[in-house]
Every structure is written in C-alpha cells, then in structure tokens.
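In order, the protein sequence lines correspond to chains A and B.
FYI, in numbering that gives the first Met the number 0 the residues of the first sequence are 0 to 368.
FYI, in numbering that gives the first Met the number 0 the residues of the second sequence are 0 to 305.
Treat the hints as calculated values from the structure; they're not laboratory data.
It should be emphasised that the depicted structure is a prediction, and the values quoted were computed from it without experimental measurement.
Quick list of simulated restraints, FRET-style, between CB atoms: (1) A:Tyr178 to B:Ala298: 52 to 62 Å; (2) A:Leu103 to B:Tyr217: 13 to 23 Å; (3) A:Leu103 to B:Lys205: 29 to 39 Å; (4) A:Leu134 to B:Phe253: 43 to 53 Å.
Just so you know, even glycine gets a beta-carbon here, dropped at the ideal spot from N, CA and C.
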Amino acid sequence: MKITFPHMGNMYVPIKVLLDTVGIKYVIPPLNTKETIELGVINSPEFACLPFKAILGDLVYGLKNGADFILFGGGSGQCRFGYYGDLLSEIIKNLNYDVKFVCLETTNITINGVLKKISPLTKDKSAFGLVKAILFAVKTVFLVDKLNRIAAYTRCREIKKGETDKIISKFHSKVQKHYGYSEIKSIIKSTKKQLRAISVDRKLKPLKIGIVGEIYIASHPSTNFEIEQKLGNMGVEVHNHLGISKWIFNHFIRNNLPIKKKDKFLSAGREFVNTDDIGGHGIQTVGASIFCARKKYDGVIQIYPFTCMPEIIAQSILSEVQKKYNIPIMTLIVDELTGEEGYKTRLEAFVDMLEMRKSKAYNQLYIDI
Amino acid sequence: MVTIGIPNGLFYYEYSSMWKEFFEKLGLHVLISQDTNKRTMDTGVKYCNNETCLPVKIFHGHVASLKDKADYIFIPRYHSTSKDEYTCPQICGLPDMTAANLGCKHKILEAKINMDVHPEETKESLIEMAKTLKIRPSKVIEAFYEVYDKYLQSKTEENITDLKRVDVNKGKLLLLGHPYMIYDNYLSMRLIEKLKKRNIEVFTPKDFTHEIKRKNAYPFQGKKFWNIGFELLGSAFTSVKDKKVKGIIYLSPFACGLDAFIMEFIELRIKAKCRNVPMLKLTVDEHTGEGGFDTRLEAFIDMIGV
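Model the full assembly from the supplied sequences, consistent with the hints where possible.
Printed below as a string of structure tokens:
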C-alpha cells in the first residue's frame, strides 16, 4: 500500500511526520502546483474551483507515480468542498487507475468507523504507534506555523533583502529529503535559529495588511503566487488569518471541547450576515476584515478562486465593511489562467496606494486640493 | 395597508404560491415584480459585482424594481429545504447580499428555512418578522405552518407526468437546470416553447416524483447534498432508462458552482454506465445572444434526430 495526498500550504510536513512514524509508504506530489495543475485541469469540470483542480492534479500525479491508496474527507452543507470527495472518487474511478479511494464522512465521525475504513493501511501497525504518530503530527503543525509567523515578521524588516526566502526554501528542500519526527524537528529548530539570526530593522513600522478569503488559496503559496512573500518583499507585514493550524484547532480540537466558544471572526461577521453559516468561510472573511479594521491595519486583501460561491457573497458585503470601517479592501480572484505579472501589478498598486494614504504628506495634499 | 414586495426570481419559481398565500392570509397587500425583462437584467447587473451568477443579478433587478413601490421586500433565506437537502451559498446569503448591494437593509423581511439542522430558526425568524410587521406572532406562525403544510402536500400529490403518457410519435428530450433558469422565459430564451414548437415532448425535473429522484440520485442516495442536485441527478438517471429519451439539454448560468459538479456527475455516470445519451450544455450569461443560442439548439436537435 502506497498512499498519496494533496498539498495545502505546509500541511505536507505534518502528514509526512505522521506517515513516517506509522511506517506507511507514500508519494508526495511536487510542492509547486504549477507542475501538477495541468493534470487536474484536463480531468475537472470547467467551472470547478481552483482548489479542486489543484487537489485532483496532485492526486493524479501521485497515482501516476505508484500510489494506490487515497484518503479524503467528505462532508455536507452548501460549499462545494463538502462534495469534493465524492466527485474526486468518481473522476478517478473513470481514469481507470488501480486505486482504493476511501472517503471519510466527516459529518458523523466515529473512531471505530474511521479505523475500519483505514484498516488496509494500518492492519499490521500497533495502536500505540498510531496515537504517537498523530500527536507528533499535531505538534509539527504548530511548529511549522510558528516558523511561518517568524518569517512573516523578518521578511518585511530584513536589511539584506531575500534572506528569509532563501532560508524558507532551503527548509522545504531539506524536509523533503529527511525522514521521521526527530529529524524534521531538528530541521525546524535550526531553521528557526537561522530566521532569528537575520539582522532586522526593529524600528521599522511597516504597512500591515491582512489576508482573508478562501482557505486553500490563501494558505497554499503556489496557487496564490506567493502573495505573502511578494508583499513581504515590498516591505509589508502580512497577517494571514487562514493558517492550517487554526483550521485544525477549530475542527478537531475546539469541536471536541466541552465548552463551546464562538469563533471570534464568526461573531464579528454576524454584524452583516444574519445567519451562522453561508458555506465555506464566507462569514469568517467578513469577520476577519472587521477585525483587521479594528486593529488598525492599513489594508485587507481578499483572495479567492474563481466561482467560489461563499466568497462572492462576502465580496458584496465587504464593500459595506469598507465604507463603515474606513479600511481599503482589495479582492483578488485567481484561477489556473491568472497571469502572474498582472497580479503583481495590482499588488504593487495597492501597496503604493496604502503608503500614500498613510503618509501625512498625502493627507496634507488632500486637504489642499 | 402595508405592501409586501416579492421578487419574481430564484426561490419564486418553486415557492411562489406558498409565500403569496402566506402574506395574503396575514391581510397584507402582495406585490409581485414583473416577469424578467431586459430592464430587470440591466439594473441587476449594475448593482452586483462581476462574479455573481446571472440569476442572482436578475434577482437584484427584481428587488430594485420593488424598492420604491413596496414597504417591505420579502427575501427568504433557504438554508436547507428538507432533511439532508441544502441550497446554494448564494441563495443562503441572499438577504445579506441584496441588502449590501442595494443599501436597503431596513426594508428586507426574511424568513429562515433551515430544516436539516435548525428547524427552530424558522419560528425565531417568523417572530422577528411579526415584530416588524406589528402582527401577533402566533398568527404569523400559524399562517406559515398552514401554507407550508399545504406546500408539502402539493409536493407529494403533484400530478406527475408518466414518461409513457405521450404519444409514441413524439420525440422526447430531458431539460435540466435550476427552476429559475428553465422556467424563466427571458433567461432561457423561451427554450421550452421552442422545443415544443418542433413537436418535441420536453421533460423537466418537475415530471418525476420526489422519491424516485432521491432513489436514483447516484452517488448521493441517503447522503447529504444540494436539493437541486437530488432533483437533477435523480431525473437524469431516471429518464435515461427510457429508450425514447433521445437527449439531455442542460441549461446553466455562466460559472454556476453547483452545476459544474452536478453536470460532471451526470456526464461521468452516463458515459460509464448507461447507454450514451447525447447531452448539450447551454451556458448563458448577460452577453449571450439569442442567435448563437438557437443555432446550437438546432444543431443538437438535428444531430439526435428527434
């Protein structure tokens, strides 16, 4: 049995730790989606959203390279994400690969049901090993997330430009070559040390931009054209409100806690949306934008894949947020045909505008006119 | 007398009689916007952002036409229509979206329909509505359940057309799409009328019973899915069993997220399991010209020879 899985930001690091610890063989698709997206696009419906195409591309790449087991979550509700599993399995079945596609029902999850479904993978593994592996993986999620946050801090403040990016890209190539929790942990540790050693201008007060929108696109650098890196290198401090660790925390840890506490973005978004769920992260997008405005960020960028339905609603509502809270919000929509240069130009223009808005000279000029 | 405006779009095609009766029972005057026309579409397009799908844009046009005439505009929030059946996110967020785009939040009345997880939300929203309208809440709730039960009954008692009812000489076609696409004469460019003129018997999802659609909705039997998904998957897989059905026409608005998935399910299944029924996908948006639309339709009909 050889398993394959799709990428989503840095998610592959914890998954690698998990599979290494349990001792399951796997195929990791290339981290750069541009290499696999073609496989996804030719096999997907035209108006499927980009995450679907990217995920299908990764899976087909895995199957082409010898994988024969896929584990995916199915769900429910309004957003198409809930039905990804069903459609992926139908499409892959039609491609005639010899593969076992297991779709976990996340709506009424039972531990026994899950164990039974993944039994072909785990039949000769000990339960203790499994639990250990899951704990290691969860720990890695938070470690990698921390790394990202440090990088976001140093990138916009570093004196010698490009240092952070170099360290991060070295980190990714190292992780792919190493094996097991202890090795990966030590790589994370050394990377952290290197990041902390970068000489930065601590007095600098950079522009602050929040990123909101669809979670897959916002957290997967090769589908959002490395938006965090691009902005960081323009000297902007980026706060991405859609980390994977947060998602895992919300879905697996908070849901199992006895005390139910409402998501702060959700309750903030309720100001404009009179319901708790419009599918996907639509309300959270609105809520996070309000949060950014309250925290006096300089601007917000909403990013989502073409045809994403919850974000379209959010986009309409964001124009209200913009007026009421006086914060500039730009929307970027990406699909597999988006050109990088046009995208970069828009980012630069937005950052320029925010800089002008911030500087007092501009305010003075504004009054004079 | 208080006037309630009901926009003639989206949910209206399925639930028109229910909501009209509801407000009339409460002794209010009901104003329904005109059928879709060019002006409705143009105003709608003006108010919405680009990514919104065409039916929602047109819905905005309907709301805009009612904005000055009615005291309140009624927009229900369909979250899930019955057990395991969900709706499109854009329909679920419709009241918020229209309020933001048209800037008429104070005028919008909403009723939440969330039958799968939170059926109690309906009552809560009805009480709120009663407060705004200054009517006794119990009266509103009573009126709602009366019309709702009537609606459910009509759904099961529908005089379902038998696939075999039609005379043998006529060719049969299945027309798929959201009700607000295929029954809107402006959006669908009188597609049903055009097909009937050519002496073709047209079937739509309305012609099959609810149970049979749920039973045949591969691969979602017994699972959660979109309500429209059950309708379309079910009617597609039911009708292809009939050899007389010569083809399927799927009418979809540009960039519809639901149709992208549902269409793929139908196509994959038909190719793999059933006889190869030809399928025409017609996509429309605000720039579609009727000439090109007709040409594609004619070519398809000539090809399948009905």
